[in-house]
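> Once you've looked at the hints, dock chains B and C against the given chain A.
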Amino acid sequence: MQEKTDYGKAWQGGDKPYAASYGKLMMWFFLITDTLTFSAFLAAYGFSRFKYPDVWPVPEDVFTHFPFISGEHPLLFVALMTFILIMSSVTMVLAVNYGHKMQKNKVILWLSLTIVGGCIFLGSQAWEWGHFIHGDKGGIDTKTEFVVHIAEGEDLSSVYSLMDADKYDGTHHHFTVDQIIDNLIKKSEYNIRKADRQYLSNKESIEYLKKNGTQVLLGANLENNEYGHRLFADYFFFITGFHGFHVFSGVVILIIILINVIKGTYERRGHYEMIEKVGLYWHFVDLVWVFVFTFFYLV
Amino acid sequence: MTNILIALVVLLAIVTLVQLTRVSELLGELKKQDVNEVTDEDNKTQGFLMLIIGMGFLVFVIWQMIEWNHLLLPEAASVHGQEIDVLMRFSMTLILVVFFIVTPMLFYFSYRYRGNKQNTAYFLVHNNKLEFIWTIIPTIVLTGVIIFGLKTWDKAMNVDTSDSQEIEVFVKQFQWLARFPGEDNILGKSNFQLITPTNVLGIDEEDLNAEDDKIVREVHLVVNEPVVLKFRSQDVIHSAFLPHFRVQMNCVPGLSTQFAFTPTKTTAQMKKEEGEDFEYVLLCNKICGAAHYNMQMRFVVETQEEYDLWLAKQKTISDKLLTQK
Amino acid sequence: MSGHHNETFITKYIFSQDHKMIAKQFLITGMIMAILGMLMSAVFRVQLANPGESSILYNLLPGGWVNELGALSPDKYLALVTMHGTILVFWVLTAGLSGTFANFLIPLQIGARDMASGFLNMLSYWFFFIATVILVWSIYVEGGPASGGWTIYPPLSALPQAIPGSGTGMTLWLISITLFVVGSLLGGLNYIVTILNLRTKGMSMQRLPLTVWALLVTAILGVLSFPVLLSCGLLLVFDRSFGTSFYLSDIVVNGEVLHHLGGSPILFEHLFWFLGHPEVYIILLPALGIISEVISVNARKPIFGYKAMVASILVIGFLSFIVWGHHMFMTGMNPFLGSVFTFTTLLIAIPSAVKVFNYLATLWRANIRFTPAMLFAIAGVSAFITGGLTGLILGDSALDINVHDTYFVVGHFHIVMGLSAIYGMLAGVYHWFPKMYGKMMNKNLGYVHFWGTFICAYGVFFPMHFLGLAGLPRRYYENTAFPMFDGLTDINSIITFFALSGAVVQVIFLFNFIYSIFKGTKTVQNPWKSNTLEWTTPIERIHGNWPGDLPSVHRWAYDYSKPGAEEDFILQTVPLKEGEKEEH
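Heads up: the protein sequence lines correspond to chains A, B and C, in order.
Residues 1 to 299 in my numbering are what the first sequence spells out, letter by letter.
Residues 1 to 325 in my numbering are what the second sequence spells out, letter by letter.
Residues 1 to 584 in my numbering are what the third sequence spells out, letter by letter.
Chain A with its partners taken away, still in its complex shape (with noise of 0.2 Å):
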């Protein structure tokens, strides 16, 4: 029998009101999901950075390395990290491209190298939390304040330098504070500048450190890091680690996904769908680490 009624635009039911798949469908809400996730850690983030600003660590002065090049480097590498990542996300753009085209040599291709952009990122990740456990130039936790670094008069300067110690000897290095209080002793040229960014004379240097110091801090761990505040480096790892490990799972994902291109599943199936909703996740990991980057490292 013949509805009268006149429903206009109303759908009339049955599959896909919204053009998508439910596969799709799912993917996007799994990642307004992961989204929230990652804004409570930013959240958070910017919560506990704020309640500091005075003694908060300035990333150009943290990440100042760059891999087989010497010298200092503010922020080149993590930009280089980024555009690889951005890159990546571009070539996934093409894969999932070809994929509408049906163009399975294509796409094995461009998925291979978001894959190697992948790994690059991760290996990179992990050169840069390599270097950030280990140290740069050291510093001094205090009692009352935050770390404290060594400066030859208003120039930061190092532990190392201080102390005439090769970083880069092999050797696991220890100081402690009254070593640190007798090389200021003897060499007068060196200074304290402080957590809020103030320098002090050597003089006062000496007696600020032998009531206040605890200990040298070469380094970085969850508990406390030569940088400055505690929260910097616990942020820093629980942050680009949790992305590290959606990078990661992007990873064996996009793997198990090239395999099956290249064994002719989703010719078979008729549509690489597949390649769209991965592609999906990919860019979704690429725009977090953008506001990653934006908010850890500029900000």
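To be clear, the hints were calculated from the coordinates, so they are not data collected in a lab.
Quick caveat, the model's predicted, so the values are computed rather than measured.
Don't take every hint at face value.
Label-pair ranges, simulated between beta-carbon atoms [to be verified]:
id: 1; chain 1: C; residue 1: 35; chain 2: B; residue 2: 53; range: 22 to 30 Å
id: 2; chain 1: C; residue 1: 541; chain 2: A; residue 2: 249; range: 32 to 40 Å
id: 3; chain 1: C; residue 1: 340; chain 2: A; residue 2: 249; range: 56 to 64 Å
Capping the alpha-carbon separation at 27 Å, the derived lysine-lysine pairs in DSS-like fashion look like this [said to hold, decoys possible]:
id: 4; chain 1: A; residue 1: 143; chain 2: A; residue 2: 101
id: 5; chain 1: B; residue 1: 313; chain 2: A; residue 2: 211
id: 6; chain 1: A; residue 1: 143; chain 2: B; residue 2: 214
Every residue, glycine too, gets a C-beta built ideally from N, C-alpha and C.
Coordinates of chains B and C only, in the frame set by chain A:
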């Protein structure tokens, strides 16, 4: 042995219930009735019960209000507390009025419109005018409540403390301590890393301002003089709750919080009004561990002269250090 | 499409991918956990009525929870309170309520064969099951289960030195909750996609029953707020086990100065309550959706103001995200922030009031059939009114100063969640039992269960408001430490009396439920003469729900007692007659 007996009794009770239910259902089948169908008789009974027990509920509420009214906290003993009490009376009246209008309506309608086979319900789908009315009226009422509430909140929170007596209240598992700033009216600096069994509050003993501070186990206040309590916690979150003054503030490790108020009634006056056993008391009001229920500190509100006498008797930190040496 | 694969016992009852079976799995697990949670409350209510004395009920507890005199030890009292809250908020009222009814009703009421992904749906139950096992296991570990309140604020929940339950027990709690959240998210994703994508022909959004609308908004709330709990919990895991300082700073405990510096417990509270507040609406909205459905069917009248009801669900859902600070008025937050949260919190009263008035208008000039489900639905409205009104006191920051964390709060949230939401859940069980099990529950036992519960429940929770206004804090092992509370012992005894009686009354329900599954009278296809699609499926329940084609929908769900119709209900599948206009 007892356990086995209990288990047997329970088992028998279950079997009995099963059989009784089965019997009633079989009887129903015999009478060709569906024992689980809701009949007009059922509607009549349940409708009556809705009315009677529903109204009984309201009577119960009124009974509680009358019977237990004397147990509620007495009038607020602070300036901002009195404002809070006004707001509370207003809000309570409002919600009680709404409660005593809407709840009887619910139970009365349930009774009045109990169903039977002859009746038909009235097919009313919507009425935009009604929706508008019962959206706009709550909105207007709530706007009033919000404005009143925010004004009271502002008066309680945004207090000018430049003339207030500063007192530090320090809390840990499971004890309250307080520190008065002494003659210079400045509290000495403190740091948690300096806490030891002899330096319980972690006071920086090199700070000259700390020398005349006095650590006490009960707090005395002068009536009608503003005071600001500064809170510090050593281990977990506690909460300082002074119900008679309408004061509450969380004590959070790593954070300093405060609450400013002016007490208006002396302890002596309260004893006359509420009985000789009355004491102002500070309780912990945030779950903090096993003895959370047993953390208290006595507060006393008295005249300036009584207060001065008491304060003079308290030892300063430098006195205590001297006696330790 | 029906029953085309062979089902073994395992695939039919255990690793089922059929939404109806998964719903029942959630229901049974939820009911068992409810019994556990209620037993815990019976135990601690006994302690509160007879402080420091021994009791036969304590024999239920693990060894070591009572001291030599047989009295419950104070930190284990806190453990009971913590686990009671955790079990009832998450396991019973979230998984047991949403998990059951979203899974059961969504495909049936929208006319779908099953959920969008039966596999993910099955996974969502099994994650929940493992989470349950881990939580129950945590009760028996050394040191006891988590004991810092269901809200597990650090530093208390981060430091085993502060309370024993914050050791292994807390670790297991966190693992359990993580799995629970993953399961909930998997479920929620399914619900949203199914409702949006798999509606049958003619089932536009405007024709959805209110239950489905409520479940949709609930799922969206869950998808947006549970991940934040996950993050919150993960940071706590790191603080507890890996030495980070996200939430911890300036701590000296048991004589030991801890190294943590720079963290903030307030950060935890913000993250926690960002989930915590929407969570209570995740609990309440499905209950209200069920109540709407049950009231309309049994009043033989359309739900009054369908569009306003949908709008109020959406507004409540949206507002629930911007009120979380009202749990934190007394943390020392900036007073301006407190004002903002007071404002948004009191706003939520408006759509709630609209809902209540619409329910009243539905009952006006109705033709009410008092099934046990209907009784519970009406009681649910009563509890929503009572509990909602006391919320106006708590949401007002200035008033909160003296009632925060007192029994006033306990009374409020138990009436809205413990009464209103549980009544909604019970109404749902009684109402959809015939569809779930093909049998009817015994009506007279249902009546007795209802009146016993109604009387005892208000007897337990209404007096608590007076305890709160007398200044009595919550989570107190006993009140004897403060002379100012001496006059409250009678009230405590009355509450405990009603609590224990109420617990005993629930046995009638359990008996009725189990008995009826096996020996209940067989039902007919549409025992309540309801309009919605689930009642057009066969009594014995098949895979794929309908034996032939999927039904087509021609009208909204609420044509009850429509003038001109032969009967007092018209199924959604019945096409409009000549000249008949569709209602909205």
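> Hint numbers the structure violates, sorted upward?
The structure conflicts with hints 3, 4, 5, although it agrees with all the remaining ones.
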